[in-house]
Amino acid sequence: MTLPAYEPASDEVELFEHAWRNRLPVLIKGPTGVGKTRFVTHMAARLGLPLFSVACHDDLTAADLVGRHLVQNGQTVWQDGPLTRAVREGGICYLDEIVEARKDVTVVIHPLADHRRTLPLERTGELLAAPPEFMLVVSYNPGYQNFLKGLKPSTRQRFVALRFGFPDEAREIRILQRETGCDALLARRLVALGNAIRRLDGVDLEEVASTRLLVYAALLIRGGLPVLAACRAALVEALSDDAEVTAGLEELVRTVLGE
Amino acid sequence: METWAGALWDRWVRHLAEAHHPQAEIRLESLRRPLSVFFRGVGGEAGRRFAVAERRIHEGRRTWRERLAGTGRLTELPHLTADELRLPAAIAHFPKRPLNRDLYFWLALLAAHFVPNGEPWWLANQRATAVALARYPAWQERYDRLVAASLALRPLPHQLPPVDAAVEEAIRAALRAPGSVRTFPASPRPPRPVMLWLMPQETDAAAARRRPPPTAKDGASSSAAAPIQTEATEDPGSQHGMLLAFRAESLLCWAEYVRVDRSLEDAEGDEAGRAAAQLERLALAEDSDPVASRVRMDLERPPAADADERLREGILLPEWDYRRGQYRPDHCRIDLPRDEAMPAPLPGQLRPLTQRLRAELERIRSERRPQAGQPEGDALDLDDWVRRHAELRSGCPVSAQPRYIDTPRTARDLSCLLLADVSLSTDAHADDAHRVIDVIRDALLVFTEAIEAAGDALAVAAFSSLGHAHVRYHRLKDFGERNGPAVRGRILALRPGDYTRLGAAIRHAADRLAATTSRQKLLLVLTDGKPHDIDHYDGRYGVEDTRRALFECRRRGIRPFCVAIDREAADVLPYLFGHDGHVVVQRLGELAARLPRLYAELTRP
Numbered sequence: 001m002t003l004p005a006y007e008p009a010s011d012e013v014e015l016f017e018h019a020w021r022n023r024l025p026v027l028i029k030g031p032t033g034v035g036k037t038r039f040v041t042h043m044a045a046r047l048g049l050p051l052f053s054v055a056c057h058d059d060l061t062a063a064d065l066v067g068r069h070l071v072q073n074g075q076t077v078w079q080d081g082p083l084t085r086a087v088r089e090g091g092i093c094y095l096d097e098i099v100e101a102r103k104d105v106t107v108v109i110h111p112l113a114d115h116r117r118t119l120p121l122e123r124t125g126e127l128l129a130a131p132p133e134f135m136l137v138v139s140y141n142p143g144y145q146n147f148l149k150g151l152k153p154s155t156r157q158r159f160v161a162l163r164f165g166f167p168d169e170a171r172e173i174r175i176l177q178r179e180t181g182c183d184a185l186l187a188r189r190l191v192a193l194g195n196a197i198r199r200l201d202g203v204d205l206e207e208v209a210s211t212r213l214l215v216y217a218a219l220l221i222r223g224g225l226p227v228l229a230a231c232r233a234a235l236v237e238a239l240s241d242d243a244e245v246t247a248g249l250e251e252l253v254r255t256v257l258g259e
Numbered sequence: 260m261e262t263w264a265g266a267l268w269d270r271w272v273r274h275l276a277e278a279h280h281p282q283a284e285i286r287l288e289s290l291r292r293p294l295s296v297f298f299r300g301v302g303g304e305a306g307r308r309f310a311v312a313e314r315r316i317h318e319g320r321r322t323w324r325e326r327l328a329g330t331g332r333l334t335e336l337p338h339l340t341a342d343e344l345r346l347p348a349a350i351a352h353f354p355k356r357p358l359n360r361d362l363y364f365w366l367a368l369l370a371a372h373f374v375p376n377g378e379p380w381w382l383a384n385q386r387a388t389a390v391a392l393a394r395y396p397a398w399q400e401r402y403d404r405l406v407a408a409s410l411a412l413r414p415l416p417h418q419l420p421p422v423d424a425a426v427e428e429a430i431r432a433a434l435r436a437p438g439s440v441r442t443f444p445a446s447p448r449p450p451r452p453v454m455l456w457l458m459p460q461e462t463d464a465a466a467a468r469r470r471p472p473p474t475a476k477d478g479a480s481s482s483a484a485a486p487i488q489t490e491a492t493e494d495p496g497s498q499h500g501m502l503l504a505f506r507a508e509s510l511l512c513w514a515e516y517v518r519v520d521r522s523l524e525d526a527e528g529d530e531a532g533r534a535a536a537q538l539e540r541l542a543l544a545e546d547s548d549p550v551a552s553r554v555r556m557d558l559e560r561p562p563a564a565d566a567d568e569r570l571r572e573g574i575l576l577p578e579w580d581y582r583r584g585q586y587r588p589d590h591c592r593i594d595l596p597r598d599e600a601m602p603a604p605l606p607g608q609l610r611p612l613t614q615r616l617r618a619e620l621e622r623i624r625s626e627r628r629p630q631a632g633q634p635e636g637d638a639l640d641l642d643d644w645v646r647r648h649a650e651l652r653s654g655c656p657v658s659a660q661p662r663y664i665d666t667p668r669t670a671r672d673l674s675c676l677l678l679a680d681v682s683l684s685t686d687a688h689a690d691d692a693h694r695v696i697d698v699i700r701d702a703l704l705v706f707t708e709a710i711e712a713a714g715d716a717l718a719v720a721a722f723s724s725l726g727h728a729h730v731r732y733h734r735l736k737d738f739g740e741r742n743g744p745a746v747r748g749r750i751l752a753l754r755p756g757d758y759t760r761l762g763a764a765i766r767h768a769a770d771r772l773a774a775t776t777s778r779q780k781l782l783l784v785l786t787d788g789k790p791h792d793i794d795h796y797d798g799r800y801g802v803e804d805t806r807r808a809l810f811e812c813r814r815r816g817i818r819p820f821c822v823a824i825d826r827e828a829a830d831v832l833p834y835l836f837g838h839d840g841h842v843v844v845q846r847l848g849e850l851a852a853r854l855p856r857l858y859a860e861l862t863r864p
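Chains A and B, in that order, are what the protein sequence lines are.
With this note's numbering, the residue at position 226 of the first sequence is 226, and numbering never jumps.
Add 259 to the 1-based position in the second sequence for this note's numbering, that's all there is to it.
Hints may be right or wrong, so weigh each one.
[Unchecked claim] Just a sample of chain B residues kept apart from chain A, beta carbon distances all over 12 Å, derived: (1) Ala367; (2) Ala407; (3) Arg610; (4) Leu751.
[To be verified] Selected chain A positions facing chain B (Cβ under 10 Å, derived; list incomplete): (5) Gln75; (6) Asp80; (7) Leu128; (8) Ala192; (9) Leu200; (10) Ala243; (11) Val245; (12) Leu249; (13) Glu250; (14) Leu252.
Derived from the structure by calculation, the hints contain no laboratory data.
Cβ coordinates follow ideal geometry from the N, Cα and C atoms, glycine included.
Can you build the whole structure from these sequences, using the hints too?
Shown next as structure tokens:
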């Protein structure tokens, strides 16, 4: 099996390995599209563990994670959820955007995230003890200030935390070239554009250009789309609905990438 | 007939003289936001604002046509001040719109790379141009187009007197190959302004003192027909020269420095006009000395005198004394000023922003999200049904009552009270034209309009205080009151008050918020400083009382959140509101747009 490519920023790979060896859960925080999910995929492959990935949303309940009874051929069957499977099989359970999930989810992850490392299955009456290989990883984007949502300190305190930021220039150029096969000049200019847009963080834009968006733009350009059209679709319109802001962004694209 | 012919002639020569293409005109107003986005993106300072350049007299050489028409003297020259980039209100030099538009973006790009390091202006502009083009090579083509078009509007060197011709040659070379011109020929008069360059930077002090420029209309109404040579000069009184730079015997002319305050005694009398007409030179200077200093004193009483004073009537509130670790009962009185404001419409300049924000916040309202597991609703909760069915079969005891999925019309059940600080400190200037109070008023107006679109219950209030017995609480909009001219009138009538007794204001606001039946209650506090009042309500005492008031809020289920508009207040805010309970708005101009968006983010379901 080939390892999904990942370009480390600093010592996050070693940190993750240490956490796994010491059976500590990991919390990854950072803006959208900087490689949080890619990192977890990479680490699962590197450690040779199965990965159970769940994208959390506001209708996600504890039952969706733990499992439920289903009716099959007139029989009732218990169906494990992704979290239960990860515990049973000894793998990484990755809860992406944990703050989006409903509150009852925290109830099931708390006993897994401390020294107990257990998962009580209320409906079947089981109490699963997690094997040494099991690891809980959650991620969230701290960029949003929201009253009604947020990671409770009691939850946050159970994790070893890693912060992900936008990659530095050289690293991002390497990422773009590897992900899209584009030439060095285009990669360099797209990264320059990305960094120009990132200067607008919190002022004109709610969220700025992620590495993922730059990869999309590079893919469109490599596919033969004109540079301006590709950047308009992949970056400008993806970042803002405000016509005045997009007008300014388009000027930035023209300035960095040319006509 | 004479006037008709005169007007015709005037129009004709003006048209001839000015490179002016009204059909291709681009106005700064239409580009302000795109320009600022662009400016920040190419590395310009985020705090710099865009403003309209004032009209200035330039002594540069004019073309014969301009001299004939009497134009070309007043120009709006782009330049940088301490915190603004000033650009012409409109650009119509070129016959094609894209070129005029490019000129705006070029000036923004140039400004982002302009380093005022004391170099002569022609060197600094060349350097900034070279750096900008090296950094963004894709601009070269557009720059070349702009240079070609602007050179076409400049006088040809061979048509000029030799002194001016050398200067013109140097400018042309510097534009074509930025960085190539290292020496600049001396000339008795400044050259014709270069539209692709920024004017030399004013000193910070001069920029700060400069008052808003008179508009063209004011100029037109002045009765002086003959042009008087005016010049801007430094106030001699403000220069502390140690060196006599000239020898008195070689004095060729003599002038007297007479200090006349024209900003106060500026009667449009004939006398002043006549006096001015007799003068050969008239120098205008600005000085920073206020004519009279207003003195304001409030006697601060020692804390012991009123420590246990208990007020008797009115809306009374306790105050926390941290030294004693207990409340002073009935220590503060809330004054509710009478509503005497005239109803008013929404100011026109706020309408575009308001509309945009309303559209954004309406999305919150229309977000209806289904809720599963409800006792009644539009659809059967199949998940729940299957589970129950399965559990029934497997022998678990469950109730047979089916559950439904409901999409309630108002999933949001939120009340918000916005409490704005209008103490005297808001009388300070936020920028050249606006005071902090103006910015707050605009923000309140826009906020009320926008939140109405979200459909949440909203109350707006402002407060100031003058001692513990006079905490003025202006009710601008009550819960349940419809937003309309009356509310707007009250907001527009807001004036800066005295001090900031934050604790009492928060307690009273919390009482009002607690009276609503909403499940979620949000108290937004908009303030520009620390708790402060005359009777020893400052320092630790004020901070601790405010902290206590906020603690009471949280215990009553009210979430306080602070929007601070002063960086200096940032050090106490985490202590008062908690790390994620406050935000500091760095640029005041953005407050009106920022506040509703912040609200949307805070309360996003």
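Exercise. What hint numbers does the structure not satisfy?
Worked result: 1, 6 and 7
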